[in-house]
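Participant: The residues making up each chain are set out below.
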Amino acid sequence: MRTTIPLFFGFVVGFFMLGDYFIPHWTYQLIKGYILEFGTLLASTAFLLGIINLIQVNLPKIIAREKDWFYKVVMLVSMVITMVFGFVEGGARMDDDQIYKWIFDYILTPLSATMFALLAFYIASAAFRAFRARNADATILLIAACIMMLATVPVGEQIPFFGDYLLHLKSWLMDVPNVSTRRAIFVGAALGTISTGLRILLGIERSHLGGD
Amino acid sequence: MRQFLFSLQKLDRRIIFVGMALSIFIPLLLPFSLPFKVSKEVQATYDQIEALPKGAPVLISADFDPSSMPELWPFFQANLHHMFANDLKPVFVTLLPTAPPLIWPEIKKTASLYKKQYGEDYVFLGYKDGKELVIKNIGQNIPQQFPQDYRGTPIASLEMMQGIKQAKDFPMLIAISAGFPGINEYVLQIQGLYKLPMIGACTAVSGPDYIPFFKSKQLLGLSMGIPGSAKYERLVQSKENVQPFSATGAKSLNVLSLSHLYIIFLIVIGNFAYFMTRDMEDEDGPG
Amino acid sequence: MDPVSIYEIIGVWVSIFLTLTVFSFLYDDNPIYKLSEHIFMGVTIGYGISESYWGVFKPNLLDKLFVWEDGQFAGESIYFLALLLCVLLLFKATSKWSWLARIPIAILVSAYAALKITGETTAKLMLQLQDSMPDLHTSWNRHGIWDWSNDGAGVFSDTFLVISLMAILLHFYFSKIPSKTEKWGYPLAGIFFLLCFIACFFLSPLQDSLIGSLIVSLSLASCAAMPFLAISPARKSLSRFGVWVLMLSFGASFGFTVMGRVSLAIGRAQELLGHNMSTERAEQVMPQTASFVSLLVIAISLFWWSRRKKDTEIACRLSLQQWAFSSFRFLFGFGCKASMNLCWDFGLCRWESRNFGSLRSI
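Each protein sequence line maps, in turn, to chains A, B and C. Just remember that our numbering sits 1063 ahead of the position in the first sequence, which is counted from 1. Just remember that our numbering sits 290 ahead of the position in the second sequence, which is counted from 1. Just remember that our numbering sits 7 ahead of the position in the third sequence, which is counted from 1.
Extracted from the complex, chain A is given alone in its bound form:
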């Protein structure tokens, strides 16, 4: 019962959404519009659920003074402060003189951008340590990478005689071997998505419902 009812709803809604491709009637489209809108609301609720879960996981650890409890306090306090200013400042929260905007501009933006910027340094380290021409496959990969790195920046274009050919070679690599590879991956991924999708709609795949 606890599994059959959700599967039934999933089956009905899923096949209704599939039918949209074939039935352009306005009533059908109207109902589909509601399903999509409810879907966006559910996606946002899932975010809320994530926060509840975060508190459920971290609060007991803080109370028990477990390892790194102080950092967890910092995380929850930052979350609450941001949330409070977001709700209190309301529609004007993104105006220049608002604290919520200040938090976004001067805390969230630099931290978010720098977290990803760290990867530039690790990729340099990886290029030095791991990028070896150990066999034919690795050599091809390495040569293609070097051509690409040189040709995508202006300095590659400036190489006498070879620069122009380098640009064309880069474009060829992108337009031919890259396209055939991506298309092969697209075909595999599309077939996989279709089969998994059908398994979900037919109730064969149930892992998303969790265990009993």
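FYI, nobody ran anything at the bench for these hints, they're computed from the structure. Keep in mind that the hints are not guaranteed to be accurate.
To be verified - A few chain C residues that don't get close to chain A, going by computed Cβ distances all over 12 Å:
1) F80
2) I198
3) T286
4) I307
5) R315
6) K316
Unchecked claim - Quick list of in silico lysine-lysine cross-link-like pairs, DSS-like style, CA-CA up to 25 Å:
7) A/K1130 <-> C/K317
8) C/K103 <-> B/K455
9) C/K123 <-> A/K1135
10) C/K41 <-> A/K1124
11) B/K330 <-> B/K485
12) C/K71 <-> B/K455
13) B/K405 <-> B/K379
14) B/K507 <-> C/K123
15) B/K300 <-> B/K344
16) C/K123 <-> B/K485
17) C/K190 <-> A/K1164
18) A/K1130 <-> C/K65
19) B/K398 <-> A/K1164
20) A/K1130 <-> C/K41
21) C/K317 <-> B/K458
22) B/K529 <-> B/K406
23) C/K123 <-> B/K300
Said to hold, decoys possible - Some chain B residues close to chain A (C-beta under 7 Å, calculated; not the full set):
24) G345
25) N427
26) P498
We treat Cβ as the ideally placed atom computed from N, Cα and C, and that holds for glycine.
Model the placement of chains B and C on the given structure of chain A, informed by the hints.
Facilitator: Coordinates of chains B and C only, in the frame set by chain A:
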């Protein structure tokens, strides 16, 4: 020598990091400018927008966040100037929560440069969570998905939104995307279904994934990473009626040159050391 | 020159300091980095929920449902259903009633799966495969075999694309082909090659160019014979060719990945040097001074932290020995106060090492 090359392979990673930092900071402190050619993908992007009739509404989905700003911001900025200089009417949406505070001030600033009025010449519908579900509904029913704009005004009361009900009502869609949801999802849910002319601007990492869409003409133009943004920026700046704006893309592109050379140098040195000391590595185990 | 507000100046300084705290991870995993990391997580989550409320819950649920006109309910009742589904989803957080959340989850996942099925079929599977078989006659007329000025466009590239696509797909095919079927591979490929070659050659629209007809017919015949070679013993060589093409593509992807990552670092470096703001603004905010001061503060903190970490490790080892020794003394009645102190030290050291120790990254 061989001993040196062998120990070189075990170089502390922090020394490599310092080299990387220098390769970024030196060209920023001692700027230089190298000429570059415009690629066919970027030229197509520019030409497609140029071909739009004056007053045409354009749907722009600006799905980037602070972490992808260095790559996509120059494109977005140039695109705004291109839109307003050509008297096009952009409707902005975003599927990432962190995008509105980044794009909204710039939209207002650029619009005021060209004396454009909100609601008549441009609209910002704001952020919606739900990823592909939202994209699907943009394709079919924009007022239902976005009953209010970013400022909370009902979109039915906005002059520009009269007659715009779904994606098909736009002659063009531009997706500026940092990843998921982005170009791929727009192609799946809107372009493929309604055959809507579409242009994409993406980060360098996802660029190779979208080239097949450009090749199959599902994307009529494509800008990839900083090079794409810098080239598009230059094309827009060379237009007559465009207000001056800083060329952030071109500046970054020159810095990128030295960093790429540094990484190529690391690969060459690493491989040279590896080949010279391969037998030593076999004896002592991998470094 | 417009004066910059004190909040903005503080903001830029805080922003630069936080940027450098994250970069301090390059030295080693450390408490300053961890602090920034957790602030980042907290702010991101808080920001996300706030935006979800203002961007989704309010306009798409509350403003549509809770509408009152002259004291009468005037909302759209169907949104009670949405509210119900949202509430059911929240039951996931309970242990007893969590199964109720399966209903909205099943609806959401099924709707999403259905969208994916139609989208992937139309926009990817059909259109991408359709575009892969090019018009070789037009290609010959426009570019010939290979045209450098058009990035290598021409009959060679078009044929290469089809053959490499099939070779890569073949590489992803893992099933064993029965030896009976395998025997038919070469003959069938030969027959189709010949039939296709003859048909293309004699029906070719390139009647005025013998070489053109010949090359285009050979290319088309090769593409036609490929699926049959896939069941022949030659499939291993074809699969190998597919791997090489994959490597070419992944190499190109690596090049682009490097570019993407370095671009992000350039963005941060521009902020540290104040290149992302006007000269007038930079004169008031002094981002370079902020970077220098922040760097100094972080360097000193890291130095102090690494010294402390080392001292703590040594102290831990020492106090273990001393604790054993003092216990011995205690047992022999040489006073318990000293040993109690050492026990306390030992406990403190353990607490400190638990918080700051063993953070070395790879």
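Participant: Of the numbered hints stated earlier in the document, which are not met by this structure?
Facilitator: 8, 9, 15, 17, 18, 21, 23, 24
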